[in-house]
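Visitor: Here is what each chain is made of, one letter per residue.
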Amino acid sequence: MLLNQFLLLGAVLFCIGVYGVLARKNGVLVLMSIELILNSVNINLVAFGMMGGDAAAITGQVFALFVITVAAAEVGVGLAIVLLIYRNRTTVDLDEVDLMKG
Amino acid sequence: MTAALLFAQVEKVATPKLDWAATAPLLILCGAALLLLLISSLTTSRPARGTYAVITVLASAFAIGTAGVLWARVTDAERGAFTTAAGALTVDGFSVFFIVVISLGIALSALLADDYLRRENLDGPELYVLMLLSGAGGIVMAMANDLIVVFLGLETLSIALYVMAGFNRRRAESRESAMKYFVLGAFSSAFLLYGIAFIYGATGSTNLGDIAGFLNANTLEHTGLLLGGFALLLVGFGFKASAVPFHVWTPDVYQGAPTPVTAFMASASKAAAFAALLRVFVSTFAEYRLDWQPLIWGIAVLTLVVGSVLAIVQTDVKRMMAYSSISHAGFILVGVQAATAQGVSAALFYVLSYTFMIVGTFGVATLVSGKGDEHHGLEAYRGLSRRRPGLALTFTVFLLAQAGVPLTSGFLAKFYVIGAAVDAHSYALALIAMLSSVVSAFLYLRIVVAMYMTDEEGAEPGPRVRVPLGAGVALGLAVAFTVVVGILPQQVVHWADRAIPVVLASGR
Numbered sequence: 829m830l831l832n833q834f835l836l837l838g839a840v841l842f843c844i845g846v847y848g849v850l851a852r853k854n855g856v857l858v859l860m861s862i863e864l865i866l867n868s869v870n871i872n873l874v875a876f877g878m879m880g881g882d883a884a885a886i887t888g889q890v891f892a893l894f895v896i897t898v899a900a901a902e903v904g905v906g907l908a909i910v911l912l913i914y915r916n917r918t919t920v921d922l923d924e925v926d927l928m929k930g
Numbered sequence: 002m003t004a005a006l007l008f009a010q011v012e013k014v015a016t017p018k019l020d021w022a023a024t025a026p027l028l029i030l031c032g033a034a035l036l037l038l039l040i041s042s043l044t045t046s047r048p049a050r051g052t053y054a055v056i057t058v059l060a061s062a063f064a065i066g067t068a069g070v071l072w073a074r075v076t077d078a079e080r081g082a083f084t085t086a087a088g089a090l091t092v093d094g095f096s097v098f099f100i101v102v103i104s105l106g107i108a109l110s111a112l113l114a115d116d117y118l119r120r121e122n123l124d125g126p127e128l129y130v131l132m133l134l135s136g137a138g139g140i141v142m143a144m145a146n147d148l149i150v151v152f153l154g155l156e157t158l159s160i161a162l163y164v165m166a167g168f169n170r171r172r173a174e175s176r177e178s179a180m181k182y183f184v185l186g187a188f189s190s191a192f193l194l195y196g197i198a199f200i201y202g203a204t205g206s207t208n209l210g211d212i213a214g215f216l217n218a219n220t221l222e223h224t225g226l227l228l229g230g231f232a233l234l235l236v237g238f239g240f241k242a243s244a245v246p247f248h249v250w251t252p253d254v255y256q257g258a259p260t261p262v263t264a265f266m267a268s269a270s271k272a273a274a275f276a277a278l279l280r281v282f283v284s285t286f287a288e289y290r291l292d293w294q295p296l297i298w299g300i301a302v303l304t305l306v307v308g309s310v311l312a313i314v315q316t317d318v319k320r321m322m323a324y325s326s327i328s329h330a331g332f333i334l335v336g337v338q339a340a341t342a343q344g345v346s347a348a349l350f351y352v353l354s355y356t357f358m359i360v361g362t363f364g365v366a367t368l369v370s371g372k373g374d375e376h377h378g379l380e381a382y383r384g385l386s387r388r389r390p391g392l393a394l395t396f397t398v399f400l401l402a403q404a405g406v407p408l409t410s411g412f413l414a415k416f417y418v419i420g421a422a423v424d425a426h427s428y429a430l431a432l433i434a435m436l437s438s439v440v441s442a443f444l445y446l447r448i449v450v451a452m453y454m455t456d457e458e459g460a461e462p463g464p465r466v467r468v469p470l471g472a473g474v475a476l477g478l479a480v481a482f483t484v485v486v487g488i489l490p491q492q493v494v495h496w497a498d499r500a501i502p503v504v505l506a507s508g509r
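So the protein sequences, as listed, match chains A and B. Just so we're aligned: 902 in the working numbering is position 74 of the first sequence, and the numbers increase by one with no gaps anywhere. Just so we're aligned: 489 in the working numbering is position 488 of the second sequence, and the numbers increase by one with no gaps anywhere.
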């Protein structure tokens, strides 16, 4: 069936993204992994929209557009924060950002 | 010619009707944010002290005023709740209740921020602008009648908060908390989105009213997609509400963020998360109550236990309060888990009284921390009763209210949620909630003892504490609410009872 292929692609992308967030230490790569998850959501949304009627299809596609827009805003703020850390510590290694613990 | 063609096409697009009166609180908050930016860019000289804070507080007050007008409209038996903007926003008692709670969070945090920003040489309109926009996002979350709108509200709330957490960029802790909050926040909203996609796939709609209608009318053959969606949505909301096991960011971010921002995070942002949780789960997914209630039960138990037990081993007061705010989230979840009108109303009462308690608590922490925002250890509070008797008494009221001592709003809040759990036959959960309340009482008393019973001789005196006007007003309001509602809760209970969320299909 056609739908399952898209959902599977979405799930694989989602898992790669989650793995990336958990395993990567580099702040920029973590951001990219989050983008992967958001893109897997977009694939799911468009695929589910295709399955329903016309009205449902529009909902899915419009939602995907919203996700893309919000993801852009989020990455803008995220890179600014990574830059702030880099300027002070000359590293974007998230494991070294560990002043507070406990 | 092309332009004429374009206009001819534009005419065919049916623009949704927008009820301006219903969206007024949102528009006022966003408008005030733009006004602040305009003022700061047009004036060359620095405006009088506190101008920005006063504008922020006035905007929140206006938002609360328009919410009052709306309240009369939606609680009117004939007119009742309605949706606006093509079924994207619901205007009911619930929305209005959260407009008030979040606006209060903005106003009180802005009063705290006023002196803080001057003390740290960060004065400017930016923090207030972010606060207003973030609060507007929270209100959108509470009013949302569509999962797309829930997501947009959540992101507006969060993106502004990431920046606010790192606002004191000269402090390494502040930068670090922004980084941690951002990474985990973006991660959790990605989970939330994946969950929304699942719900959309299972029900064919993102409109909450249509989803509820679909779930009532149809029996799903395969519920896997829907249940997966529930779990992923809970991850997203649980993160914002800092429920265990999605709480790991809370202590670090609460400790590192500028203290007035922490106050805002703990009040407005948490309220918005619970607003979305209540509307989406308790009202929309009511039909599948038996499937999601056990999940919330488990999260509530973990949150109550972890929050109160880990709070005890902390030595930093801001961190202690972070863990105690986790355990408060557990109590609100006890009300959510009941999934009855009584449970919702108890949760609403809890959210409102918690807002005042927690802003007051972090308000005192802001003042005691002194210049540089660094005296947050328990030793900074030693002998506070001698240096600042009034402030020590104020803090004691907040701590006792958080511990749930009678004659404070905190006691009644805990009493109502536990009562709702008992009436919903969740006896075990009610018992765990009571026990965790006893455990966390130790933590609050520890701070009270440090303030009152420590002999200051020999020990070096803590930093000098001064109480500026804005923070004094905020603390006074918070104490007044905590004590007055603790003695005369009827009116607030009455409001909470009439603020049960309704879910309307997009056609209405």
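In case anyone wonders, no lab produced these hints; they're calculated from the structure. These numbers were taken from a predicted model, which means no experiment stands behind them. Be careful, since some hints might not be right.
As the list claims (entries may be wrong) - As a list, the in silico EDC-like pairs of lysine to aspartate or glutamate whose alpha-carbon atoms are at most 16 Å apart:
#1 A/LYS929 / B/GLU174
#2 A/LYS929 / B/ASP317
#3 B/LYS372 / B/ASP20
What the hints assert, rightly or not - Chain A residues, not near chain B, derived (Cβ > 10 Å throughout):
#4 GLN833
#5 LEU836
#6 VAL840
#7 TYR847
#8 ILE862
#9 GLY880
#10 ILE909
#11 ASN916
#12 MET928
What the hints assert, rightly or not - To give an idea of the interface, some chain B residues facing chain A are shown, with a C-beta separation under 7 Å as derived from the structure:
#13 GLU121
#14 ASP124
#15 ILE160
#16 ALA173
#17 GLU174
#18 LEU185
#19 PHE188
#20 TYR195
#21 ALA198
#22 GLY202
#23 PRO246
#24 VAL249
#25 GLY257
#26 GLN294
Cβ atoms here follow ideal geometry from the backbone N, Cα and C, with glycine treated the same way.
Visitor: Tell me the hint numbers this structure goes against, listed in increasing order.
Guide: Per hint list: 3, 8, 9, 10, 11, 12, 13, 14, 18, 23, 24 and 26 violated.
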